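Chain order of the listed sequences is Z and D.
The working numbering applies: residue 1 is where the first sequence begins, and numbers increase by one.
The working numbering applies: residue 1001 is where the second sequence begins, and numbers increase by one.
Source of the hints: derived by calculation from the structure; they are not laboratory data.
Among the hints, erroneous ones may be present.
[To be verified] Ranges of calculated distance between the beta carbons of each label pair, as one might list FRET restraints:
#: 1; chain 1: Z; residue 1: E72; chain 2: D; residue 2: S1082; range: 19 to 29 Å
#: 2; chain 1: D; residue 1: S1188; chain 2: Z; residue 2: R69; range: 33 to 43 Å
#: 3; chain 1: D; residue 1: K1186; chain 2: Z; residue 2: D2; range: 38 to 48 Å
#: 4; chain 1: Z; residue 1: D2; chain 2: D; residue 2: E1038; range: 39 to 49 Å
#: 5; chain 1: D; residue 1: D1036; chain 2: Z; residue 2: M87; range: 26 to 36 Å
[Said to hold, decoys possible] Below are the EDC-like pairs computed for lysine to aspartate or glutamate, each with C-alpha atoms no more than 20 Å apart in a straight line:
#: 6; chain 1: D; residue 1: K1208; chain 2: D; residue 2: E1063
#: 7; chain 1: D; residue 1: K1190; chain 2: Z; residue 2: E11
#: 8; chain 1: D; residue 1: K1193; chain 2: Z; residue 2: E11
#: 9; chain 1: D; residue 1: K1088; chain 2: D; residue 2: E1145
#: 10; chain 1: D; residue 1: K1190; chain 2: D; residue 2: D1139
#: 11; chain 1: D; residue 1: K1033; chain 2: D; residue 2: E1063
#: 12; chain 1: D; residue 1: K1033; chain 2: D; residue 2: D1078
#: 13; chain 1: D; residue 1: K1075; chain 2: D; residue 2: E1063
#: 14; chain 1: D; residue 1: K1075; chain 2: D; residue 2: D1034
#: 15; chain 1: D; residue 1: K1142; chain 2: Z; residue 2: E44
#: 16; chain 1: D; residue 1: K1088; chain 2: D; residue 2: E1162
#: 17; chain 1: D; residue 1: K1208; chain 2: Z; residue 2: E44
#: 18; chain 1: D; residue 1: K1208; chain 2: D; residue 2: E1175
#: 19; chain 1: D; residue 1: K1033; chain 2: D; residue 2: E1071
#: 20; chain 1: D; residue 1: K1193; chain 2: Z; residue 2: E72
#: 21; chain 1: D; residue 1: K1190; chain 2: D; residue 2: E1162
#: 22; chain 1: D; residue 1: K1190; chain 2: D; residue 2: E1145
#: 23; chain 1: D; residue 1: K1088; chain 2: D; residue 2: D1034
#: 24; chain 1: D; residue 1: K1163; chain 2: D; residue 2: E1145
#: 25; chain 1: D; residue 1: K1088; chain 2: D; residue 2: E1205
#: 26; chain 1: D; residue 1: K1088; chain 2: Z; residue 2: D54
#: 27; chain 1: D; residue 1: K1088; chain 2: Z; residue 2: E72
#: 28; chain 1: D; residue 1: K1075; chain 2: Z; residue 2: D21
#: 29; chain 1: D; residue 1: K1163; chain 2: D; residue 2: E1104
#: 30; chain 1: D; residue 1: K1186; chain 2: D; residue 2: E1205
#: 31; chain 1: D; residue 1: K1142; chain 2: D; residue 2: E1189
#: 32; chain 1: D; residue 1: K1142; chain 2: Z; residue 2: D54
[To be verified] Chain D regions said to be covered by chain Z (calculated; three or more residues, Cβ under 8 Å):
#: 33; stretch: 1052-1059
#: 34; stretch: 1099-1110
This structure is a prediction, so every number in the text was calculated from the model and none was measured.
For each residue, glycine too, the CB sits at the ideal point set by N, CA and C.
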Amino acid sequence: MDCDEIRNLLEPLMSGRLSGDESRRVRRHFASCAGCASRLGPMEWIEVLPALDDAIEPSEDFALRFQSRLQEHRLRRFAGRKPWWEMVAAAGWVRQLVAAGALATLVAAGIYLRKYPGDVTDRINSYNELAVAENLPLLKDMDVISNMDLLEDLDTIENLPSSPAPLLGR
Amino acid sequence: METTLVYSPLIQMTEETRNEALDPDARLMLRFKDGDTEAFERLFMRHMHPIVNFAYRFVRNREVAEELAQEIFLKVHDAAGSYRVQAKFTTWLYRIATNVCLNEVRRPHFRNAHQSLDANPRETPDEVSFDLEDKGAVDAEKLLERQAIAQALRQALDQIPEKQRIAFILSKYQELSYVEVADIMKISEKAVKSLIHRAKGALVERLKPLLPEL
């Protein structure tokens, strides 16, 4: 690439549109060509200077060292996979106690619900009835039901005719 | 209105053709995910050089940089099981690398060591070789001066805000496009432009006394 071509690439370089080898080539050219370098302002120099800061080479034994570290890592990971009973055994006595307690509670709750399945529903129903009774005055105040006396007087309710009389005469 | 779907064997994309469309690194990673350990070794060999250098830009110490690079590749190794091809492999790799390097430079022991190191002359890259065969090339003395300023730039980078530093390193030293940097940093391309512009402004400010000599 000649100087003209490189100079045309300064704008794409500055706006981050170049990458990889192309941007490296443009930077290096500007850093080493007296004619092109003379056209650079401070902002452009900041763009070009990284090309002059040479990369380091990894140590010769870097790949070898990584390989042995990777082997150790794999072994440790493999050794780290213990069966659950070994993990429980390795846990402290406090954790073991808490886990045993939680398990016992779960088993007891399961047995109870299996033995008395209706008991819980009955309790919920009686709780609902109690809540309605407690809130009757409130319902009255809020004009939800206009004649509370009738509702409270069960004898009157029982004596009401089974089908209501027509409101309008024929 | 009735729509009829016409099946065309031309648009059928098999697993094989999809893999061929992937970037070579992503293909290697998928092979490694399937248990091919040789594929991981090839990935390591392809990327060890830029990753060691990337870490070096953050820590400016070869030993620490190599240690961090190993850690980065171990993380890649461990994450293989959950690897999915969503972007370029390098985007994923540099995201891991950025996190590892930031964790290191944020540690108090690194900061303390770094402050004391700043008082001493710093480690320089091994060899500074440059092609001066071009017609109209600057003289060697001028080039050495520029290389000294390039090192000053590396030091000045430590003083600018973290995000600006990451964007600048990825773009100017690792030579990634703004689009790739945006993917790595999980920000918009516009935000990358803004970060780099501010970084350059801050660096010009710090290197002002040296720049006119260029």
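Hints and how they fare:
1. Z:E72 - D:S1082: 19 to 29 Å: holds, 22 Å
2. D:S1188 - Z:R69: 33 to 43 Å: holds, 38 Å
3. D:K1186 - Z:D2: 38 to 48 Å: Between K1186 (chain D) and D2 (chain Z), where Cβ atoms are some 40 Å apart, the hint holds.
4. Z:D2 - D:E1038: 39 to 49 Å: holds, 43 Å
5. D:D1036 - Z:M87: 26 to 36 Å: At 31 Å between Cβs, range holds.
6. D:K1208 - D:E1063: Status violated; Cα separation ~32 Å.
7. D:K1190 - Z:E11: holds, 17 Å
8. D:K1193 - Z:E11: Judged against 20 Å, a Cα distance of about 14 Å means the pair holds.
9. D:K1088 - D:E1145: violated, 38 Å
10. D:K1190 - D:D1139: violated, 39 Å
11. D:K1033 - D:E1063: violated, 30 Å
12. D:K1033 - D:D1078: holds, 10 Å
13. D:K1075 - D:E1063: Measuring from Cα to Cα gives roughly 19 Å; hence the hint holds.
14. D:K1075 - D:D1034: holds, 17 Å
15. D:K1142 - Z:E44: holds, 17 Å
16. D:K1088 - D:E1162: violated, 24 Å
17. D:K1208 - Z:E44: Satisfied, since the Cα-Cα distance of roughly 13 Å is no more than 20 Å.
18. D:K1208 - D:E1175: Violated, because 24 Å separates the two Cα atoms, which is more than 20 Å.
19. D:K1033 - D:E1071: OK: K1033 (chain D) and E1071 (chain D) at ~19 Å, within 20 Å.
20. D:K1193 - Z:E72: Violated, at about 43 Å.
21. D:K1190 - D:E1162: holds, 18 Å
22. D:K1190 - D:E1145: violated, 34 Å
23. D:K1088 - D:D1034: holds, 19 Å
24. D:K1163 - D:E1145: Answer violated: K1163 (chain D) to E1145 (chain D) is near 29 Å, above 20 Å.
25. D:K1088 - D:E1205: violated, 35 Å
26. D:K1088 - Z:D54: Violated, at roughly 26 Å.
27. D:K1088 - Z:E72: It is violated: about 29 Å lies between the C-alpha atoms, which goes past 20 Å.
28. D:K1075 - Z:D21: violated, 27 Å
29. D:K1163 - D:E1104: Between K1163 (chain D) and E1104 (chain D) the Cα gap is close to 15 Å, so the pair holds against 20 Å.
30. D:K1186 - D:E1205: violated, 28 Å
31. D:K1142 - D:E1189: violated, 36 Å
32. D:K1142 - Z:D54: holds, 16 Å
33. 1052-1059: holds (count 3)
34. 1099-1110: violated (count 0)
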